[in-house]
Structure formats: C-alpha cells, structure tokens
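With chain A fixed as given, assemble chain H onto it according to the hints.
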Amino acid sequence: MRRAWLVVGRQQTSLSFRLDRRVPVWLLGLAGAALVASVLSVGVGEYPISSLDVIRAVLGLETGNPDHSFIVRTLRLPRVLVALGIGAALAVSGVIMQGLTRNPLASPELTGVTAGASLAAVVLLVATPAASVVALPWAALLGAVIAAGLVYLLSWRGDDSPLRLILVGIGLTSIIGALTTVMVTFGEIDDVARALVWLTGSVYGTSWEGLRALVPWMAVFLPAALILARHLDVLHLGEDVARGLGSRVELQRGLLLLTAAALVAATVTVAGTVGFVGLIAPHIARRLVGPSHEGVLPTAALTGSLIVVLADLLGRTLFAPVEIPCGVVTAVIGAPFFMYLLYRNRNN
Amino acid sequence: MGEICTERLTLAYDERAVVAGLDIVIPTGRVTALVGPNGCGKSTLLRGLARLLKPRGGSAYLDGRSIWRMPTRELARQLGILPQAPVAPEGLTVRDLVAQGRYPYHGWLNRWSEADEEAVARALDITGMVDLAHRPVDALSGGQRQRAWIAMALAQETKVLLLDEPTTYLDMHHQLEVLHLLRRLNREEGRTVVLVVHNLNHAARYSDHVVALSDGKVVAAGTPQEVVTSEVLREVFGVEAHILSDPDTGVPLCIPYALCENSNVRAPSMDSFAAPHTGHIHV
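So the protein lines, in turn, are chains A and H. Using this note's numbering, read the first sequence as starting at 3 and increasing by one per residue. Using this note's numbering, read the second sequence as starting at 12 and increasing by one per residue.
Rather than coming from a laboratory, the hints here were simulated on the basis of the structure. One should not assume that every hint holds.
Claimed, not checked - Derived coverage of chain H by chain A (criterion: at least 3 residues anywhere in the stretch with Cβ under 8 Å from a Cβ of chain A; other residues may be distant):
no., stretch
1, 94-100
2, 103-109
3, 115-122
Here the structure is a predicted model, which is why all the values come from computation and not from measurement. Think of the CB as a built atom: it goes at the ideal place given N, C-alpha and C, for glycine as much as any other residue.
Chain A extracted, bound-state conformation:
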C-alpha cells in the first residue's frame, strides 16, 4: 500500500512526525516564489538594480558599482526581510486563531487583537515618550492579550458561532480604534507623528533596527507554534473530542493564544496594522496541503511572507513615485476575500 503520509524519523529516533505528501513540494515552491519576489522587490525603486546585482550585493560580491552595496544592504534589504517576517508571523497567528475557534473568519485584525496591540503601543508612545523602544513589543503583547481575552469572554458561549466572534471582534476593534484616536488627539505633536507611522501598516523606511526587534519574537514563537501544532489539531476537532483524547484544553488553548498574540504584537511593533494576511494565508495554505496543522503552519507562513512582499512591491510600483503602504494593498485584496468568506459561511 502506498503510504498516505510522509513519515519522518520512523524508528528509534527521538524526533518523528508525519506530513501530508503535498507539504514539501509546496514549501519548496512557495520558498522559491518568495525568494524571487524578494530579489525583484530589492531591485525595484528610484534607482533600479538588476536581479543579478541584487544577489551579488546581498552575498557581498563586487558588482562594479560602489553604490549597490549601500542601497541593497542598508536601505532595501531590511525592508524586504521585515516584510517576509511579518507575513509569516501574521499568517501563523491567523492559522492558530482559526484553528482554536474552529472559525474560518477568525484573524488577528477581525478579532480586535491587532487593534489591542496598536492601542497599547500608541499609549506607550504618547503617554510615556521617554519609554524605551525595547518596551514597545511588550506593551503591544499586553494589549494583544487583553484584547484576545476580552473577545474570548464576550463571544464564547460554548458553541462555535463564527459570526458572533466576528461581530464582537469588529465591535471591539471600533472601541479600541476610538480610544486610539483619543490618545492621538491629546498627545504631543511629535509623539503623535511617531505613533501615526505605526498605525498605517507599512514597512516603509524599515531599518536593521526594526528587523532586530522582530527576529527574537519570531525565533521563539514560530517554533512554539510548530511544537503546539498537534494540540491545535485536536482542539480543531472541538472541545469535547479534544478532552476525550487527553488534551489539557485550557492550558493548550492559553499557550496557543499567547503565541498568536505575541506574533501579532511583534508585527505591530515593527509595521503597524497589516490587515487580512492572517485571514487569507491560512485559507490558501489549507487549500494547498489540507487541514493538518504541522503542514498548514509552515505553508501558511511562507504564503504570508509571499503576500506581504508582493503587496509591498505592488504598493511601490503601481503609482510610483507615490508609495501605497503594503497594509492598504493587503486590505484591497483582503476585503473582497472576507466578503466571499462571509457569503460562503452564510450558505453553509
């Protein structure tokens, strides 16, 4: 019989897991596409650089033009790397939220988690301008966790009503949005200007510093999501089934929610609200490799990276020299997709 799964580490190894057969192929394909998109993205701009020269400059090879190294390595590369990173983080966060709530509409921005993280960050920027930049992700995490807790308390009735969660999430997002506006209104003009950069959802002008803020969070929480994947799989079958299979439901749900919130908080810290990536990428990934999370998580992560890099590339080239923030581009693509999901959900 042809094996249905790819099994890694079958015997006498300490690590073993199974994957859908489609996973490796799609991971390679998506990684290749993301790489190509990244190289193109670095090459495009007021000062175009050929793809070959981009690769040479990244690898530190001589390109014959002394400006290339500076433009590529200092100005453009961090921006693309951050775009890759937040795409992956948002997608993984979306996968976790959709799996936990068994709700195809759940995603960081529709449940108010992104808004919570933004509000907390703005409060820190405006109320205590002296606070260190290092504190920002932690404030954002606190905001994200509080928002996630609130939406959970307000919408959970023991059943899986997809629309209730979204209604509560949208309500919460509005309230938090209003509070954010209040903060911005009363803040000092300089602090507000800094805060507003946040809220746009852009990777514009991201430096290595931004990347350094993002990397530790991703290094901890992306592997955490993979380790928690098998718990997410059983929680995805419903609470009773999960308990029957021996899942410690409250603990695992808490860890997964914390992971999702931390990843959102990290992206908000670096790039503000980039919407709909966490909604779309999980759907694409499940379509590609089926619903088992050990396959969906990495596939969605690469899909999210690809989406954000392409959104940023489009935003810079469509109306050049005017730049559209990548968050606007993802919203333009994501909003109709959301409508489609709502429509399909209504017909179920």
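Here is chain H on its own, set in the frame of chain A:
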C-alpha cells in the same frame, strides 16, 4: 480491567443538579445502554464518566482510581469518548481524522510511530473505512461519517469506549450498521462499550446491560429482560406499552400504545422509541 463505577456522583450545570448522588457499576467487557427520556441525565452521566464534566460531588472510578486523579493522557489511553454529533474540520480526510486518535500516545517530539500506523490501519479496517480513507469527512454520508469518528475512537486503543447517541441522525440501515459494529468491537475485542441510545428496542437487542434513568436516578438496571418491562416504561417514560419477545433472540420488544394518566414525565415524545431525534433538550 476497564471497570467503571461511580460513587455518590453529583453532576450539575450551573445551579441545577442533573445527577445527584448516583452510585452505578458498569459491567466490564459488556455492552451497556443508558436509556431514559430527554433531560433524564443520561448524556450528562456519560460526560461525567468521561471527564468532560467536572462533578460537584463524588467521583467516577476506572479500575478503582478516581478519573480526576489520573493524568489526562493516561486516562485517554484507557477510556475513549465519542461525543454527540461531532463536526470535523472542512477538508479533513478520514485517515487524518483517525490519526488524531493516536494523540494520547505522542510526546513533544515523538509524534508518529509504526504502532500508530498499525492502529490507524486496524481501525480503518474494522470500521470498513479503508476504501474511504482518502475522502474528506465532510463529504461522507451520515453513516460513513459516524463510522469515521468511531474509527478515530478505536485508534485510541482504549479498553473502554463511551458513545453519546451514536445512532442519532442516522437512518434505520445506518443505525443498525453502527450498532452491529459496536457489538462486534465488544465480542471480538472484549472492549467495554457504554452508549446512550434513544431506541429501547436497539438497547434491548444490542446490549447486555441496560440502565434506565429518570430525573438523574437509576430506576432499573440489569439485563434487557429485567429492565424493558411495562412497569419500567410506565415509570421512566410515562407510556403504556406491550412487551413482546423477539422471535429470533428472545430479547424484549416494546410497542408503546398510550400515554400514562397522571404521568410525571414531562412531555414524553413518542418518537423516542422509533425514530432518530432532532432537537434534543440538553439539560
């Protein structure tokens, strides 16, 4: 092994006690049917036995150990529960669903072994799902879907299998199919099976032990012959019924024909006896 009993078990939702101070022993290696009218506490009791519902008082025991004192994983290797009408995620294949039954055997890094592979193959084989293994669960018929979920519970390889209304929402053919499967699991593999079932004739035909509950209390418990009697039907369901003997097997068959006068059973519904239910009252 695999003996289940309760001691002064009290189960409640919010303030209302559904099961109060219940002592019950489930015979090991047998098929036990829990029967009773809607809201009598039979599903609640099953949830209490499977640790899905925390008791207000007393406890349920597996082989003499309180199930609340056992590590969740260890309990899940000994006792499986199939809740009522579970819903599989969109696009999940039968094989992937059945593989989830191996969850209690996995650790942080060891997530798949030869034993897992064999358990899944066996579960698919027993339930006759081999040919459907690659199909998404949500694309199957009701009976096939129920068999897929039972296969998941089988892959868990537990001595005890609890099922909450496994025949609900199925047509007559698929009801029998599921009941035959459960009896085979008991006869051929010696598993203890406990199921909540609405159809008394199914309970009589496919179980060794019947527990009739009313208002959270055991009214009668014993062989089908001892429990399925006109007295018990009157007291538990508030109906008058003829009790016949099945010409093939000798097990009792009941034919309800009238509602009791002054019955204290709230709005007993006749379809409890014949057709699968829709719109259950969960109390």
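Check the structure against each numbered hint from earlier and tell me which ones fail, lowest number first.
none
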